[in-house]
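Asks: The listed protein sequences correspond, in order, to chains A and B. Okay, so the first sequence: first residue is 89 according to our numbering, each after it adds one. Okay, so the second sequence: first residue is 2 according to our numbering, each after it adds one.
Keep in mind that a hint or two might mislead.
To give an idea of the chain A side of the interface with chain B (calculated C-beta under 7 Å), a few residues [what the hints assert, rightly or not]:
no. : residue
1   : 131
2   : 151
3   : 154
4   : 156
5   : 165
6   : 245
7   : 325
8   : 327
9   : 411
10  : 412
Keeping only pairs whose Cα atoms sit at most 27 Å apart, straight-line, the calculated DSS-like set for lysine-lysine is [stated by the list, open to error]:
no. : chain 1 : residue 1 : chain 2 : residue 2
11  : A       : 410       : A       : 230
12  : B       : 47        : A       : 115
13  : A       : 204       : A       : 267
14  : A       : 385       : A       : 230
15  : B       : 218       : B       : 241
16  : B       : 226       : B       : 243
17  : B       : 158       : A       : 442
18  : A       : 230       : A       : 366
19  : B       : 241       : A       : 281
20  : A       : 442       : A       : 410
21  : A       : 267       : A       : 281
22  : B       : 47        : A       : 146
The set of hints was computed from the structure by calculation and includes no laboratory data. The beta carbon of each residue, even a glycine, is placed where N, CA and C say it ideally should be.
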Amino acid sequence: MYKNFFKYLISAIFLLGFSVNSNADFKVGFVYVGPTGDHGWTFQHHEGRNAVEAAGIKTTFVESVPEGADAERVIRQLAQSGHDLIFTTSFGYMDPTNKVAKDFPNVKFEHATGYKREHSNVSTYSARFYEGRTLLGHIAGKMTKTNTIGYIASFPIPEVIRGINAMTLAAQKVNPNIKTKIVWVFTWYDPGKEAEAAQALIDQGADIIMQHTDSTAPVQTAEKAGVWSFGQASDMQRFAPKSILTSIIDDWAPYYVERAIAARDGTWNQQDTWHGLKEGMVAMGPYNSAMGADLVKEVEQLQKDLASGKVHSFTGPIYDQKGNILVAEGKVADDGMLAGMSVYVKGVEGDIPK
Amino acid sequence: MIKIEKRNDVPMALYFFTPFIAIILTILGGGIIFYILGFNPIEALKFYFITPISNLYGFSELLLKATPLCLIAIGLSFCFKSNNWNIGAEGQLTFGAIVGGGVALLFYNQEGFYILPLVILAGAIGGMVFALIPAILKTYFNTNEILVSLMLVYVSKLLLDYLVVGPWSNPEGFNFPETRQFSDSSRMPLLFEGLRIHAGIFLALAAVMLSWFTLYKTYLGFQIKVSGLSLKTAKYAGFKGKTMILVVFMISGACAGLAGVGEITGPIGQLHRMISPDYGFTAIIVAFLGRLNPFGIIFASLVVALTYLGAETAQIFLQIPKYTGQVFQGMILFFLLASDYLLFFKVKILSLKKNELRH
């Protein structure tokens, strides 16, 4: 009996939450994994939020939400306090997002980089960062003197492996002697660890540093050591003006504005979005003039071709480390293969941590 | 000239009252900070301390957050009361969660009423064993338990990292650093549908009762308190110091391990890298705010849990940076230590005489 009483009470509380929602005070909530001032991943999501705000839609954000037990409460609180659309911007929010979505069918949820859409009000979205990696690989292959590229990797998930492979394939195309050395740091954001990894790679002869982590430590380490580097997630040029050749920029703003307007106008549908250079979700920072005018022109052309679809980052023949064929000559890898990528291509050194 | 003297007569009533003074000063301090930041302090404080618990869901979240803090702080009170400085509860929590989570994964997709008790027991044993490391090193090799227990935090966190990235990672999880979701038989039963508060709260309450009984009604408790007041007296009385050190560390570790296993079988439901937002360290504040008293610790864990929830609510409604939560926790500790200082010491301002200046 008491159980039922609580059940009703709780449904009443939830209903109260819904009744607050109306079109007039449409609100969008954002959940960030890091501080807005990380100058990387969260910084860019925050820029996207600013764009939504500039489009005349009210927004709220909560920063530095740990990916543990706290995430569910924060997401639920946003849903309860009258937010109509909620962006959860880190992989670790996948299960909490789906759990809360179940209890709030009238609230829309957008989860970044995940793969679970258990309810019709959950969409997922991510960017084809690997297209940016292809451009980085092309530049790296041309700029390296030691033929060694140092790569700081976070976790051996498909997104990160895809980036390593795309970069290596592009670099091999312009420089067959290229070697990719990888240090796994098992963190998305740890300036100390990232700086150590960068230094270790430089000590091993890498004269190009790139990273799939969020802090500015790797580019700053590269600047000090006098080797080339690339910015990640946001334009990091001002942190290493001499060393940075370009940056891969995650531009969430157009997507966030589009989805917020759709949700407000009632045209929001569940979808799985994977946008790249073409749609502008992946953008490139300014190219360093040290690359020389010819290389800049080449890369700009490649950028156009990737955007138009004329060139694909994963065009066959592609072999794995043992020499087995992954993608046949003349074919390109389909999205299913890209989404589950879990082997290195030929030319990458070492094994994927297991 | 300022002269500081030790007070001979510290009133016990005031001793238990100063935590409240610290909390009031923290709220006042918080109001001033909000005012400086340009917020209406009354409104901000309302969002901070009242809104989070103004409905049933919020209240259950408060209890959910307070449960691990209370459990760990209860354990720590045994160590701290006997002058053993276990700073590594976070590591014992993590190791407990690893062992408990390992058992939960072992019984993946199996059903049985005995599974959850086994998982909980494994968690407690895990924490206990991990706490024994600094205890044994202290008793037999004279190492500093502060350093050892603190360093072991990193060891356990790295071990957890290794396990969830490598051998224990979800085979269907695309290499993401997390294990499978535990099956229902390994999950803490929820107390009410729709709320996250789970049976783990009974573990915390049981720990409170047991610790009160042990500390105030048993010979062991007497030994612990005497050792805390004066190690020399304890030795003179012939207490077995080494055994006691081992025992308090084991109690402390078991409590932290229970907290860890409560989190992973409760709200989280799997092992991943972020199972605790540093509960093991925050619980140190809780233990002292609660005056190392079991019932004081219940109260302190609720207050500190509220600073977490308040920080989230204040950011959602007023966009006040979430880090104010840590500022509040820091302020509580600061004001507590400051008022303790004034409680135990007299500060006298003396006027200088001319002949004193010549020296």
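Asks: Determine for every hint whether it applies to the structure shown.
Replies: Okay, the hints, checked on the actual structure:
Taking 7 Å as the C-beta contact cut-off toward chain B, the hint placing residue 131 of chain A at the interface is violated, the least distance being around 15 Å. Because the smallest distance between the Cβ of residue 151 of chain A and any Cβ of chain B comes to about 6 Å, under 7 Å, the interface hint for this residue holds. With 7 Å as the threshold, the beta carbon of residue 154 of chain A comes within range of chain B, its nearest partner Cβ sitting at about 5 Å, so the hint holds. The interface hint given for residue 156 of chain A is met, as the beta carbon of that residue sits about 4 Å from the closest beta carbon of chain B, less than 7 Å.
Checking residue 165 of chain A against chain B: minimum C-beta separation of about 6 Å stays under 7 Å; hint holds. Look at residue 245 of chain A: its Cβ gets to within about 5 Å of chain B, closer than 7 Å, so that hint holds up. At its closest, the beta carbon of residue 325 of chain A sits 27 Å from a beta carbon of chain B; the interface hint therefore is violated under the 7 Å criterion. This hint is violated: residue 327 of chain A has a C-beta 23 Å from the nearest C-beta of chain B, more than the 7 Å allowed.
Against a cut-off of 7 Å between C-beta atoms, the interface hint on residue 411 of chain A is violated, since the closest Cβ of chain B lies about 23 Å away. Of the supplied interface hints, the one on residue 412 of chain A is violated, with its beta-carbon coming no nearer than about 20 Å to a beta-carbon of chain B, more than 7 Å. Pair hint residue 410 of chain A plus residue 230 of chain A holds up; C-alpha atoms about 26 Å apart against a cutoff of 27 Å. Between residue 47 of chain B and residue 115 of chain A, the direct Cα distance comes to roughly 22 Å. Compliance with the 27 Å bound is thereby established for this hinted pair.
Proximity of residue 204 of chain A to residue 267 of chain A is assessed by CA-CA distance (about 35 Å); at most 27 Å being required, the pair is judged violated. Among the hinted pairs, residue 385 of chain A with residue 230 of chain A is consistent with the structure: their alpha-carbon atoms are about 13 Å apart, no more than 27 Å. Restraint check for residue 218 of chain B and residue 241 of chain B: satisfied, since their Cα atoms lie roughly 19 Å apart, inside the 27 Å limit. Of the supplied pair hints, the one linking residue 226 of chain B and residue 243 of chain B holds, its CA atoms being roughly 15 Å apart against a limit of 27 Å.
Of the pairs offered as hints, the one joining residue 158 of chain B and residue 442 of chain A holds, with about 18 Å between alpha carbons and a cut-off of 27 Å not exceeded. Proposed proximity of residue 230 of chain A and residue 366 of chain A is supported: the alpha carbons are some 24 Å apart, at most 27 Å. For the hint pairing residue 241 of chain B with residue 281 of chain A, the CA-to-CA distance comes to about 44 Å; that exceeds 27 Å, so the pair is violated. Distance hint between residue 442 of chain A and residue 410 of chain A is fulfilled; the C-alpha atoms sit about 17 Å from each other, no more than 27 Å.
Our distance criterion of 27 Å between C-alpha atoms is met by residue 267 of chain A and residue 281 of chain A, whose separation comes to about 23 Å. Distance check on the hinted pair: residue 47 of chain B and residue 146 of chain A sit about 22 Å apart at the alpha-carbon level, within 27 Å; holds.
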